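All chains should be built: construct the whole structure from the sequences, respecting the hints.
There are 2 protein chains.
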Amino acid sequence: MKLYEQYKAHLRKLADLKNAQAVLQWDQEVYLPPKGASLRGQQIATLSEQAHALSTDEKLEHILKELIDSQELKEPERKNVMLSWEDFSKQKKYSPEFVRTMSEAVSKCYHSWIEARKQNSFSVYEKDLDHLIDLKKQETEILGYSAHPYDALLNEYEKDCTVALLDKTFTALHPSLKELLNLVVAKKQVDDSFLHQFYPSQKQWDFGMSLIRKLGFDFDAGRQDISEHPFTTSFNRNDVRITTRIDENNFGNMTWSCIHETGHALYEQGLPESEYGLPSGEYASLGIHESQSRLWENNVGRSLNFWNHEYSTAKSFFPDQLSAVDVNGFYRGINKVEPSLIRTEADELTYHFHVMIRYELEKMLMEGSVSTHDIPAQWNDLYEKYLGVKVPDDKRGCLQDIHWSHGSFGYFPTYSLGSLYAAQFFAAAKRQMPQLLHEIESGNTKNLLAWLRQNIYPWGRLYTSEELCRKATGEGLNTRFFLDYLLDKYGKIYDL
Amino acid sequence: MKLYEQYKAHLRKLADLKNAQAVLQWDQEVYLPPKGASLRGQQIATLSEQAHALSTDEKLEHILKELIDSQELKEPERKNVMLSWEDFSKQKKYSPEFVRTMSEAVSKCYHSWIEARKQNSFSVYEKDLDHLIDLKKQETEILGYSAHPYDALLNEYEKDCTVALLDKTFTALHPSLKELLNLVVAKKQVDDSFLHQFYPSQKQWDFGMSLIRKLGFDFDAGRQDISEHPFTTSFNRNDVRITTRIDENNFGNMTWSCIHETGHALYEQGLPESEYGLPSGEYASLGIHESQSRLWENNVGRSLNFWNHEYSTAKSFFPDQLSAVDVNGFYRGINKVEPSLIRTEADELTYHFHVMIRYELEKMLMEGSVSTHDIPAQWNDLYEKYLGVKVPDDKRGCLQDIHWSHGSFGYFPTYSLGSLYAAQFFAAAKRQMPQLLHEIESGNTKNLLAWLRQNIYPWGRLYTSEELCRKATGEGLNTRFFLDYLLDKYGKIYDL
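Protein sequence lines, in the order shown, are assigned to chains P and R.
Here the first sequence is numbered in our numbering, starting from 60 and rising by one per residue.
Here the second sequence is numbered in our numbering, starting from 60 and rising by one per residue.
To be clear, the hints were calculated from the coordinates, so they are not data collected in a lab.
Take every hint as true, because none was put in to throw you off.
In the DSS-like style, the derived pairs of lysine-lysine whose C-alpha atoms are separated by at most 27 Å in a straight line are:
| # | chain 1 | residue 1 | chain 2 | residue 2 |
| --- | --- | --- | --- | --- |
| 1 | P | 72 | P | 124 |
| 2 | R | 505 | P | 94 |
| 3 | R | 152 | P | 118 |
Because the structure is a prediction, the values reported are computed rather than measured.
See below:
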């Protein structure tokens, strides 16, 4: 069909521009010389402007309208076109002036966040953040919503995600997690001191690379580099880049970042090649993306089954550091639960309190019941209330995340959704493949990857998270799987 | 002036797109995973298409016409506008379809050249090359020419360069070089066996990096990486990337590639920052660019003065390998003259025969007197005729250069022009700074760099090579300087 081919060509051009932008951003994080930063920012902005122009182009509008009117489209073509029409209509809502104002505000806010962190003082960036929050509120009006303004932003990262849905989810989660946390902290703490010895940089790198390879990352279609903060980016399924960082005094930092990013990367490398640039070739949602990283990092990479096989390799890389620790001690140590200040360093249990705090704050900011000025006080109160920890300063408090300075309001909840989906997917995979844990125990994760390739990767974003979850597991999102997983794991580790 | 600001903004956006493309190309040479090649080619093609659209935009046409009509422009604004008008008029000649076809053909040809080299067989890429050559012939018609089709392509790399001019230059050069070569080969050969011992990779890298730093490369505004073939690329004067390669059995390979690319990079890092994206912020021509790399590589980096100071450092890096060689032996060894097969490994004298061979071939290909299929036979004949060497296989013959696979026909002659300009510039610098050689002998190249920063770098491409040469040296290009330089150097080394 000729018109559909035109549609594909247009979307692929758009994908090329976005992926070029991603290459420049990747380079910015891994190899950019310091003085190159300012013009690189401008180069990325120009690509983003060009991409926006292409995504709101009249030609695209005509093609989409004609395709929608025609009766000839079958699935999945029809769904692709409908999703593209949704994207187009949304993009059209933004005036070029608003896009420019937002992009300038983000850039300004990001730099004052850097400065605020340097000075360890929220007030340094309060004004710029307040302006950005004001723009995000305007954005909720531009995008539109029915129940809650925050819904408009949540929907950007996770289609159909709402305050109503998250309130329900977190309300189900909070008391159970709190109860479990209370049980754990009453018990004798596990020993993880062996993780904090000296682990030489090169050895960590080699060990990390061996893990990545074993899990199925295709090094002919991707690579790993070093950056300040680990991330995954993809320029197409045959060029997926992951990064890591190495802390020579912390074995955990690099090891689980490698597994986490590999989870993201396997998803990207598993998206259908023929669908490049189309909705059917893109990841389903941020929550589903995060489910893939967390499934490998936690459900697999922090399981006793996995380390029963892998620990001998770890020991061969680090014989001195690990000589006094058996696999059970190792397993307990890497699963230590402890309320703490920094989200990215939190364990699988307390992590979700960090997310809920941010969610509550964002919700209040968007509905206007809390002002930007109140953020530090609110933040510190919530940390005391949810996790029982006192926040000593802004750097270890409300300045720790980059997200708000980027204007990414509505992003944090997808991290928790990721854990919930991961547990549910892993439970389904185990049900459907009763031998799965035995295979993992013998160092074989191929069938798990095959299951994901069959049940999660092939449809791009033709299904919402909820639809995909139903397809893969037989039911919609259910917090029970994650809670059962935690209860089982910590029940054994902490002898509850 | 408001209109001139609009012009600048437009050109900077265009520069952003071209530089983004350069980032993707750099990444392709240094870090791209193998499977990423095909879609990368498409992404680069899309950027190139977008850049072409911007460079032929009606809005730009209006701005330029209005600026040209207005009487308010002073220099250098007026010259910038005139050069941009020239660029615009030239770009308008290409259809978007032709631009995309060319870009895709280049990408395809490049990958089949890689494969042809692997298989050591020209025929593997003959078909793709033939298609590309056909497109280049079409390009000569699109661009137009008066005397010879090849002129259209030569002009792309070196404004106002023609077959007539190069025939004249090479006719002046050929017999003198031949005569000098005959004198040299009749003499006792110098010993360069010390260059071909084992020089460990990491040590070579460290030595190369120390040289680059000493010559004034700003590592806050650039970096060096490893690639198959050394090259320099710039995304702006604050982000200049050079690459090198290491052969552990050849000390020369990396050392002089480092100096050579540094020469290119110093030029790029020295272009005026405020002129980003404008003709006044771009390099003058490829010949002038090459003069900068060759001036540092040869006139400085292969001189006795330079090594009288630097040799002790080299010895400290490689005490075992260099223990038996004094600085005079080292100097003679690194300047050994010998007819050979590989252009990039050729000495300063025989190098130009390699260029003349390619020049003759390209001229014949463009006028159609030789077909793509005949390239290997013609190549081998010319090597026998010009250099008296027998080409044993395609890899050491017509497959050795990347240029044709990139569609870069008309590029090679700029290498020879580079040597000629370099000799003329260096002679001028010495005349104007009689202490220069003494400074170099004491490890100080700062004033030479300052001279280049004053006489070559500041004008971007506001002057043609010939104009720039006149400004800097008091006369147009004159082969005498290069011939005198060679006669003096080899006269002493070979005791002629």
